[in-house]
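Engineer: Single-letter residue listing:
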Amino acid sequence: MNRLQTLFENKKERVLSIYFTAGFPGIDDTMPTMEAIASAGADIIEIGVPYSDPIADGPTIQDSNMIALANGMSLKKLFDQIKDMRNTVSIPVVLMGYLNPIIQYGMERFLQKCQEVGVDGLILPDLPMQQYLDEFKDMFEKYGLSNTFLISPQTSEERIRQIDEHSSGFIYMVSSHSITGAKTGLTADQITYFKRVQAMNLKNPRLIGFGISDAETFTNASKYSNGAIIGSAFIKTVKNSVDLKASIHKYIKSVIQ
Amino acid sequence: MIKVDEKGFYGKFGGAYIPEMLHPNIEELKDSYEQIMASEEFQTEFQSLLKDYVGRPTPLYFAKRISEKYGAKIYFKREDLCHTGAHKVNNTVGQIILAKKLGKKRIIAETGAGQHGVATATVCALMGLECTVYMGALDIQRQRPNVERMRILGAKVVPATSGSQTLKDATNEAMRQWISNPVDTHYIIGSVVGPHPYPEMVARFQSVISEEIKSQLKEKEGRENPDIVIACVGGGSNAAGAFYHYYNTPEVRLVAAEAAGLGVNSGKSAATTALGTEGILHGSKTILMQTEDGQVVEPHSISAGLDYPGIGPVHAHLFDIGRAEFVAVEDEDAMKAGIELSRMEGIIPAIETSHAIHALNMIEYQKGDVIVINLSGRGDKDLDTYIKWGGY
Ligand SMILES: Cc1ncc(COP(=O)(O)O)c(C=O)c1O
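Order-wise, the sequence lines are chains A and B.
Under full-length UniProt numbering, the residues of the first sequence are numbered 1 to 257, in order.
Under full-length UniProt numbering, the residues of the second sequence are numbered 1 to 392, in order.
Some clues are possibly wrong.
Per the computed footprint, the stretches of chain B lying under chain A, defined by three or more beta-carbons under 8 Å from a beta-carbon of chain A, are [unchecked claim]:
(1) 12-24
(2) 179-185
(3) 287-300
25 Å max Cα-Cα, derived DSS-like pairs, lysine-lysine [as the list claims (entries may be wrong)]:
(4) A:113 / A:83
(5) B:69 / B:220
(6) A:137 / B:7
(7) A:12 / A:223
(8) B:12 / A:137
Read the hints as simulated data drawn from the structure, not as lab findings.
Note that the Cβ used here is the ideal one computed from N, Cα and C, for glycine as well.
Please model the entire structure based on the sequences and the hints provided.
Structural biologist: What follows is the structure, encoded as structure tokens:
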């Protein structure tokens, strides 16, 4: 059982996952950011691997990706930066990244490296389920890594069941028809969708992401799931921070209260 | 046999590497496009629009003076005479009928040179559908006339300001907008790129080009098969259309002209097969220009329509198995070829097309060979670039 699975064994409500972009705002901010996220009381860290063409991301995360790349960030560099992360960070760590940089690095080498440094799971938004099953599932299992798929309001019940069957770790519920980017409030349509999926009694825990930005949206989303994921709102916080650790603490505490 | 398989692959290239949010849209298209395209209702509407609205069949023109100069029988397939001035409209007419059959209310598209944007805005006006076109901020500057044409036609043109601010970024932006509006919106992709089934669907709409070449050449030369077909490749839709019915006729040589920009090794190039490696771009496995770390490289070409870091998966496959020959044409040579065609045949070509014309100087052929060059578009949109270049 990896750290993700252990987490969800012990905590079923208000699980907070924080996404940040590796190498942003400064190239050496990766580890300090992770340590601050963990010490502030978040439950999961999602490390975003920067990519030149992030098609599922809105302007805030696009921008952080561009800055990180301009800083000289790469997958190689990331594994260097996080090689000793398990000395200081004990909560689950998930890597989120687009497929192309990973394929260039080599999928097996990548998974092996993830295991070596203590990464628990992966979110690869442009790796479709069928390709995962055909090409990579055995490899993920060999290296003990959970794989998280996304679902959206359009995903059919049948497909959600398949995704549930092939996921380990958690299911990432995209809150609306959207790319990433903080919006405020949850609409009646979104709540209907959350309830519909909640009623399916899936075997995997569910985290809601996209548009979660503060205590209110976090609490609301958590009513219909095991917790939520914050990305863009967190990126905005660190982008404007003077004291990285203090800003991260203040922000995360304001969300979990 | 060159043919897409049921998972959307041409050999090892293709597929649908898309975020789950787009899965239902892509499935819907995949499940319905062949059936809709095969229906009599669709075919009647499509064929009648191609004929009466687009102006097909386009002529296959024997270019006497160019033929004399090069010592071959050179024909131009006159896609520049299509309504809106390029081959792009063959695809948009097909996709707009499809979108209507799927009950979509809004259309989005990406554009590079603006030809696909204009072709999309045109068919949206024709069908009374709302249209938004994403275009790189840099391309908006260098293709001003096309931007205004789209606006006159009632489309909204939205600048893509990320990355290199060209076609790849416009495509990213269109995909993002599709993710955000999946139910009522159809995305009309303008080339044989993107996730399956787009590459094959667009190629089939463009395949009318080679279908006509076959019958027209039969009439003029008494044979359906030329010795060589040449086309320029941005994403590869005009080339796919010109090659389509010859894919599996090995005696017909297929030549694809890429944009070398300032030179293949200048760091300012869009010569994808010369510089690229295998990877994933815009939802399909293909050949693309990228760094060692898998970041997509910003391309350069004087022609906005070829300024793209990838090629459609079918072309990656044709390259991989050696079925097509790829040549890389530099900006300067393309411009000169454009002037040559203007002076010798009275046809001012699009700068994209000029790359295909210059390819005549780069390939080997026998005296008297029958060569068909796909004249993908006309040069009106490029007047600013011709004027700035000034070498005439
Ligand atoms: C006239 C013309 N030719 C060629 C192209 C390149 O596209 P493709 O490779 O899809 O034919 C364009 C693209 O805008 C164009 O306008």
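Engineer: Now, for every hint given, state plainly whether the structure supports it.
Structural biologist: Results of checking the hints against the structure:
Interface restraint, the region 12-24 of chain B with chain A: holds (9 residues with C-beta to C-beta distance below 8 Å; minimum three). Coverage of the region 179-185 of chain B by chain A holds in this model, with 5 residues showing a Cβ closer than 8 Å to a Cβ of that chain against a need of three. By the rule of at least three residues with a Cβ nearer than 8 Å to a Cβ of chain A, the coverage given for the region 287-300 of chain B holds, with 6 such residues. In summary, the hint linking residue 113 of chain A to residue 83 of chain A is supported, as the alpha carbons are separated by about 9 Å, within the 25 Å threshold.
About 20 Å separates the Cα atoms of residue 69 of chain B and residue 220 of chain B, which keeps this hinted pair within 25 Å; it holds. Distance check on the hinted pair: residue 137 of chain A and residue 7 of chain B sit about 18 Å apart at the alpha-carbon level, within 25 Å; holds. Among the hinted pairs, residue 12 of chain A with residue 223 of chain A is consistent with the structure: their alpha-carbon atoms are about 11 Å apart, no more than 25 Å. Between the alpha carbons of residue 12 of chain B and residue 137 of chain A the distance comes to roughly 19 Å, so the proposed pair stays at or under 25 Å and holds.
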